[in-house]
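Colleague: With these hints in hand, go ahead and build the complete structure from the sequences.
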Amino acid sequence: MTALTKCRDRWLYFALVALVIALGLASRRYAALMPNWLGKYPGDALWALIVFLILGALFRRGSTTWLALLALGVSFVVEFGQLYQPAWLMDVRSTTLGHLVLGSGFHLQDLVAYAAGVALGAIAEKVLIGARNG
1 MTALTKCRDR WLYFALVALV IALGLASRRY AALMPNWLGK YPGDALWALI
51 VFLILGALFR RGSTTWLALL ALGVSFVVEF GQLYQPAWLM DVRSTTLGHL
101 VLGSGFHLQD LVAYAAGVAL GAIAEKVLIG ARNG
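Per this note's numbering, the sequence shown runs over residues 1 to 134.
Simulated from the structure, these hints should not be mistaken for laboratory data.
Be careful, since some hints might not be right.
Unchecked claim - Computed Cβ-Cβ distance ranges for the label pairs, DEER-style:
#1 Trp-11 - Lys-126: 18 to 24 Å
#2 Ala-32 - Trp-11: 30 to 36 Å
#3 Phe-59 - Tyr-84: 34 to 40 Å
Here the structure is a predicted model, which is why all the values come from computation and not from measurement.
Positions of the beta carbon are idealized from the N, C-alpha and C atoms, including for glycine.
Modeller: This is the structure:
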């Protein structure tokens, strides 16, 4: 086990999930306060960061690189899954929670936002946990 994975604290990661959820909801509610060119992408990046953090809490011994690749894979699967639109799944997506978790429509640009969110998590983990161990 590496020094990095010794420091991944499940409860800290779940607390960060709650914080990032609040930031993500705020990014949508107060979108007018951000530059127009950012659009909805900060929320998308934060959504992928949440995936990274949840996976970090669940897989405490995984490397940061493995965790980032898994989070990116999950995010991409959810995005591509939006191309599949049976009535029952559209009913789920029409709920607030369903929309927040599963999205509603495929957008290629979202993949870039997801990559940015996962990269933010991986870099922060490497820098912050690495600094604690150094």
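Colleague: All the hints need checking, so say for each whether the structure fits it.
Modeller: Hint by hint, here is what the structure shows:
1. Trp-11 - Lys-126: 18 to 24 Å: With a Cβ separation near 20 Å, Trp-11 and Lys-126 satisfy 18 to 24 Å, so the hint holds.
2. Ala-32 - Trp-11: 30 to 36 Å: Holds, since Ala-32 and Trp-11 (Cβ atoms, about 35 Å apart) stay within the stated range.
3. Phe-59 - Tyr-84: 34 to 40 Å: For Tyr-84 against Phe-59, whose Cβ atoms are near 27 Å apart, the range 34 to 40 Å is violated.
Violated hints amount to a single one, hint 3; each of the other numbered hints is respected by the structure.
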